Amino acid sequence: MSGPMELAALFRPEIALALAALGALGFGVANRDRRLRDLVATGIGLGGCGAASGLALGAGELGPVAAFFRALLPLLTACALMLIRGSAPARHRPEQIALMLIATIGMMVLAGARDLLVVFLGLETAGLPLVALTALGAPGKRPAEAALKFFLMGALASAVILFGMSLVYGMTGSLAFDALAPTRFRDPQPPLLLAGLGLVLVGFGFKVAAVPFHLWAPDAYAGAPAPAAAQIASGSKVAGFVILTRFWIEAAHPGSAADGAGILLVAVATASMLLGNLAAIAQQSVRRLLGYSAIAQGGYMVAALGAGGAPAAGPVLFYAVVYAVSVLGAFGVVARVETETGSDRIAAFAGLARRAPGSALAMLVFLTTLAGLPPLPGFLGKLLLFKSMLGPAGVASSPSLWLVALAVTLSAVSLYYYLIVLKSIFVSGDPPQVPSAGPPDLLAAGVVFLLAIVTVGLALAPGPLLEALLRATGG
Amino acid sequence: MTPPTLMLLSALGGAIVSALLPARGAERSARVVALVASLATLGCALAAYVGFDRSAEADALQFVTEIAWIETPRIRFLTGVDGIGVILLLLTGIVGVACVLFSWNVTHRPRAFFAWMLLVIAGACGVFQSLDLVLLFLFYEAVILPKYFLIAIWGSKDREYGAMKLTLYSVAGGALVLLGVILIAWQKEAGGFSIPALAGDRLPLALQLWVFPLLCVGFGVLAGLWPLHTWAPTGHAAAPTAASMLLAGLVMKLGSFGILRVAMPLCADALPAFAPALAGLGAAGIVAAALVALSRRDLKLVIGYSSVAHMGFVLLGLGTLDRIGIAGAVLQMFSHGLIAGLLFAVVGRMLYDRFHTRDLEALGALGPGRALPAVTVIFAAAAAASMGMPGFSGFIAEVSVLLGTWKRFPWLLLPVGFGIVVTAAFTVRALQVVLGRTRPSAAGETPDLREPAPAPAEPITLAEKLGAALLLGTSVWAGIFPQDLLALSLRAIESPMLHGIVQTAEGLAR
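Protein sequences, first through last, are from chains Y and H.
Just so you know, the numbering used here puts 348 at position 348 of the first sequence, and the rest follows in order with no gaps.
Just so you know, the numbering used here puts 496 at position 21 of the second sequence, and the rest follows in order with no gaps.
Pulled out of the complex, with its shape left as it was, chain H reads as follows (with noise of 0.2 Å):
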């Protein structure tokens, strides 16, 4: 058995055994199911990562798993990575043991919570292997319910909104990749759903130009693409801590990678004519989300707006057509999910379950920078890597990716470069009045620099404390050495399954 495999195998076991557990202490043992899963889940993504076969005459798709399934139409449980699967299962494990760790609070039917969860990550984990069209699908579409009871049973003010919003958005995107899975399955039914094969053998044109639209418009539902990504602040905010990050961490990654892994390859020879129009989205997202999140006052509102603009960098790098913006797109995605991640613990677990306020300027007049000096140096750190800055992973992706943009699209960088300032002005902003400026001042009066008596707050646990540390931690190190995760991809994106993609732009280009 494979470590991916393994990987899928182990989040749906402590789900099954999370579930099941009996009612007597179940606070406690949900919660240490939970994290044994998710760090068998982690411990196998490493496994994955350090043992994939890094050389030169190394098959491009590795830990390949093959079991017949129903013989017509011929559907297989067929799974594999190449270096960008192996990248995403990274993460999938650090943003799952991440998020088991700031649910360490929930005591609200804990075995439920738990069993959701790593529902969603068991999801994402066969998304990101699925080598099958209508496996990656099956998956993909498994995470609806999970995500939707997460949000609708523990989530915060107007729960049930937020959830549905959320779900009737999935699954209207879903509906339109399932549209796009059928036109597919009707053409090259014989041949069975395999990725790479149907990569290889590609639909004819005329029907490309209609899948693409369908499969791309319907996955970019999920990534945020603008403007389809209403869903994204409102399921944020209503959603509970571990819901916001698994929402921004892997189920936008979802999105993002079905237009990688299947929208892309399978439609290769569409792209010309739909590649502009992804990034000038992606473009726009950055753009418009960015200076909406400038004018909110909820704190998990302006991260998740902020959330759609980074998302909009990966789907910009993904229009690109170009080696090193969709590289820069796969590390985006890493890069995010970690960010995202942390951003939404900080606000979700670490201030708003102690302050009961989400709301930026009676947050600054509780000054929880003062009562919570830890917070302090995680969010300051979180928000630097929100703002790309260098040493962080977001350095190095947005880079690549405008790159990338510079090579094709060089008049969209003027737009784009407005939004990263606008990034930078509201990120300064939440920081600031969170943690440093104590209240508002009226226009002309002298600023109040005394400082009141910081709100009394419990302090930080270890598990937050291990949390933040984690995803900050691999964000460093994927800022300071991205060299080998963007090999990865790199020598993802010259596979035979993707090097449809730049093919065409090549062609393009000459």
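If we strip away everything but chain Y, and leave its shape as in the complex, we get (with noise of 0.2 Å):
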């Protein structure tokens, strides 16, 4: 596949979000009556959206894994547009929309990427339009603040991914996954080559919000515009994950968990486990708390990762999905009590459930599923995830099982703070001024009610899913 029309083919869903984005961007100028003007850019969006999901799921070229991302990774960032017509700041909506078009663009080349340069290029394109979007938050929310920090962390990991690409290709000769593999397992392994997968890994971490290039993500959850900071939340996190998931294992080709780079992916979860959940507990806003439970939920899927090698890919891939659904409906959620309290402060979800009880169940699944208790699909991606940190069955090693029973311990330490998010909603009575109920916003609305259905779906019958995930790691 060398001809430009055999690309063309190729991106055919990449090209509807860009069409979409022009066709978005360019409606916006052309038209003066604000209203109109968005509402018609939000449909070009989700249009595009459509488009471009139903044009990935007939192309199978790129192979399952990545057949099945780039279908779902328009359909979450349609699920983030919807949340669009209430969110703070009104202005440039058309401009909103098109920058997560163009994100969504990145995290599907990120999706289908087998060779290091394009990784590049997708990680680029998803993350600038991300950071241009988190600056046009709402004024009293610090958006500079954030967007400075996701700018200068996402250049640092840059240039640490490319740091380390310069390695490998010094090394190998090569930057495409397959090439990798072989030179990998010389003996004796050249040191170079691991630093720079090292290096590589390390530097996708900032996509996923691991520690070391953790820092910008509660502050870019809590200043980007609501629609925004759903994308950051779901759709860019699944990309990093697919991504980490796929580079390791078809590139990096785990052997045994003594392998330095699994060390290194353990040691980063490990830190990111333990740091994400801890300031979590100290949060009042809930889009912070988020932020930071973000950090943890990535930590548990990179242990695993790190630890299980390639059987965690299924479980992995599986649970990043629960995680991503689930955590746009709890920014759904936020958005609506924000638009009708201006804060998103954990007081201001007080007598949700008496306001807003169809809200207020919805978040109860959203956030259980984040806590992954039973019965919704959270715990089922926690069990299996934590279950492939052991590695096969009967080869017992001492740390995976501290790992293990670390991750467990502080997955019941994450319900303490999800619990009072939920404490706030149904227990406390009345917030202290009753806010002005402007029109509902249906399709705000719809989409939590829709998100809510399907975690529950994927709590009745997670099979589907898991078993295409699984068939598609090869697990």
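What the hints contain is simulated information worked out from the structure, not anything from laboratory work.
Wrong hints could be hidden among the right ones.
Unchecked claim - Restraint ranges, calculated between C-beta atoms of paired labels, are given here:
#, chain 1, residue 1, chain 2, residue 2, range
1, Y, S343, H, P747, 53 to 61 Å
2, H, G675, Y, G463, 25 to 33 Å
3, H, M476, Y, A468, 25 to 33 Å
4, H, P885, Y, P399, 40 to 48 Å
5, H, D834, Y, Q284, 35 to 43 Å
6, Y, A282, H, P885, 49 to 57 Å
7, H, P751, Y, G457, 44 to 52 Å
8, Y, G463, H, S530, 37 to 45 Å
9, Y, A282, H, D834, 31 to 39 Å
As the list claims (entries may be wrong) - Sample of chain H residues at the chain Y side, in silico, Cβ under 8 Å:
#, residue
10, L481
11, E546
12, F624
13, A650
14, A660
15, P934
Computed from a predicted structure; not experimentally measured.
Backbone N, C-alpha and C fix where the C-beta goes; we use that ideal spot for every residue, glycine too.
Each of the two chains sits in its own frame; use the hints to bring them together as a complex.
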């Protein structure tokens, strides 16, 4: 597949998104009526996402994992887009939509990449629009600071990845995933190659908000406009895990848990789990709480990859999907509360169960999923994830036992801070000042409802998705 | 569809219907829905109890339902009951109906109240009939949030503290169990998680020695295993009446059932190493909790600690690894569910809702016994049952446990006997202060025997009388005709699934 026509055929979903982004921007420039402009731009954006998803579903050239996630990512973006009507700021809506679509293109490229150079392109395409979106956030939430942190951290991660890539290229003469594997298991292992791989892996950690590139996450989650924050939390994270998993399995070929790169991942994961969970306990803002918990959740998944190797790929991707769906829904409810009360503090959620029983129940579903409490799908996800950390049956290694014990313990700790939010929703009375009720945002309410249904559906029948992902990853 | 499955569905369905009721007239409609749903669960439980085939050639596990759910890893909706499961389902049905009857006066957010309550009942139903390890754990953990909300929203003094403490303890226990489940899944994934199969084809001994403490302590947290029991008194005291009854009647049983159904059969080879510790902690719980109960003035705390003491008998019985001892533990689970439920109903619904105090002396000064003669009768009977008087279910249960203890750990009878005396002491003290003596007398002073006018109180309602009659009647029935319950448990203990437990112990004795 070298000719431009074949490439264009391969990139049909991305091209559809790019056209939709241009359409939304163009219509925004051409039209002065803000309401109409926003409405049409939203429509174009949703249409573009739908088209891209449909086109990607039919394209299996890049392998089953890539096909699945290239179809899923635009759908996640579409869900995030639907939160845009009520969210602050009201200006620059078409531009926001266009940026979200462009970021999605980058994520889809990431999901399908089989060469480190393409990965880098995808990372930048997915990263920069999200930085710009973060900077567009409501003035009271310090969006500029968040965007700057996001940008600097991303630039640093990019530099680390580029340096790692240059080492890898120097040692192997290629950047394609499949060319790396044979060199990697030469005996003795070239230390520079190991260093290169390590740098690339740690750099990917930026995308999934793993320590040490985690600092941007809580600020970006708190500062960005709601749809963008939802996209950063869901689609961007999923894309990060897809590329991390695929690179780890297809290019780095993890051997035993004692492998240097595996130990590096486990160390990164342990730090993320500890930091994310402990810092989340102290948060007063629900967005920041979700930001820190995202660091922790990423930690569980990275730990499984590092300790479990290839068999962990299926569970990790399953958990990533479950996580993305529920965190997206949680942001939907946060957006609603913000529109109503102007705040995302835990106290602002007080009395939500009386005010909006539907949203409250949906939040119960999302947060219990994130906490991994049965019967919601987060439980099954965590069970498989934690089990895969132990490696193949019969070969007990006590470090991985301790890793699982730590993960289970911290997961139990996490219930505490999710429960604090639920307590505010269900137990506390009405908030001090009753907010003025505007016209209901049907689009946002609809997407929250839909995501809650999907989450419950994944609890009742996790089989199809789980089977598909296990098969796709060869598990 | 089998009666146990139907029971689970009727509780779940009741919860959903109750949550979806229209707001208008919800006070009345919600409790009617809850009553209908809980009567349906009781009906199903009775159908299972009566329909359970007791003939010698019948299968030990009956009403088995198997529905494929997830292929890899192989997790199935696999349910069924043995004699022990039937007994506990019956308890679930009875306690459920009694809870609704004693919640007849709930007017604050009634739809949510009855929905959460029925979810707890559904979770208990699920645990008692699960034969798939993951399914059992799923139901076990699904109870955590409903009970949190029941206490945090409808509770009384210190409700948010009590609810959060209970939840954190439950989650911590759940985390230990989850670790055990992960270890089992890691070793035995290919064959699925059928508990009977896992009990037949056990883990390597080295791993059992790790898994058993995890499972036993994890489940033990909910069973009131000393010294991890401290959630129980505060949780019971903070909870609304129905939730106290559910906690003492069902939730604590989930823990002890988990030990008996999962921890012991799956790690039977590790039992000789740990059983003395389990029995010892059970005995310690009996003595320690009884002593603390003697020193408390809050009537609900007194009963909360007595609950822990009674659950100590269950753990002691399980720890004996003896047929009679384990059968006694099962009977004690059944008996304690009824009696503790009744005691909490008397204190929470009959006394606290009317006199707004649970302080022993303050209550005594109000003379509730004379104001409400029905309370005198019910409380006296419940106290007698709680002390293990013959004629009530507690007697035969405790005697069986003590018989088992005598065979295996005769020296433990000494502290346990002391604990029984202390139990009688604090029960009589509570009874005397609340119903008999009017006010405390300073030392040396002649007791004041003049009767002050009792505080006015609304009379005991029909719902309360029915609920009390249901619980007391069952306890008396089980106390006078325990043969069937004992035979059911003994049969279950002999079944292939649980046989490993007594087998290892007998190997040890030889």
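Practice item. Hold the hint about E546/H up to the distance rule: shortest CB distance to chain Y must be less than 8 Å. Key: For E546/H, the interface hint holds, since the closest Cβ of chain Y sits about 6 Å away, which is under 8 Å.
Check your understanding: Taking the CB of P751/H and the CB of G457/Y, does the distance hold inside 44 to 52 Å?
Key -> holds (48 Å)
Exercise for review: Note whether the CB distance of A282/Y and P885/H lies within 49 to 57 Å or breaks it.
Suggested key: Since A282/Y and P885/H have Cβ atoms about 53 Å apart, the given range 49 to 57 Å holds.
Exercise for review: Check the following: the C-beta atoms of G463/Y and S530/H are separated by a distance inside 37 to 45 Å.
Suggested key: Holds, since G463/Y and S530/H (Cβ atoms, about 38 Å apart) stay within the stated range.
Point to revise | Status of the given 53 to 61 Å range, CB of P747/H versus CB of S343/Y | key: At roughly 59 Å between Cβ atoms, P747/H and S343/Y fall inside 53 to 61 Å, so the hint holds.
Exercise for review: With a cut-off of 8 Å on the beta carbons, see whether A650/H makes it to chain Y.
Suggested key: holds (4 Å)
Check your understanding: Can we keep the A660/H interface hint, with Cβ of chain Y closer than 8 Å?
Key -> This interface hint holds because 5 Å falls under the 8 Å limit.
Point to revise | Beta-carbon spacing of G675/H to G463/Y - inside the hinted bounds 25 to 33 Å or not | key: Since the Cβ atoms of G675/H and G463/Y sit about 27 Å apart, the hinted range of 25 to 33 Å holds.
Review point. Do the Cβ positions of M476/H and A468/Y conform to the proposed distance bound of 25 to 33 Å?
Key: Once the Cβ atoms are compared, 31 Å apart, the range 25 to 33 Å for A468/Y and M476/H holds.
Review point. Was the hint right that F624/H lines chain Y, CB cutoff 8 Å?
Key: holds (6 Å)
Check your understanding: Can we keep the L481/H interface hint, with Cβ of chain Y closer than 8 Å?
Key -> violated (19 Å)
Check your understanding: Does the CB of P934/H sit less than 8 Å away from some CB of chain Y?
Key -> Violated, because the Cβ-Cβ distance from P934/H to chain Y comes to roughly 33 Å (cut-off 8 Å).
The earlier numbered hints that this structure contradicts are 10, 15.
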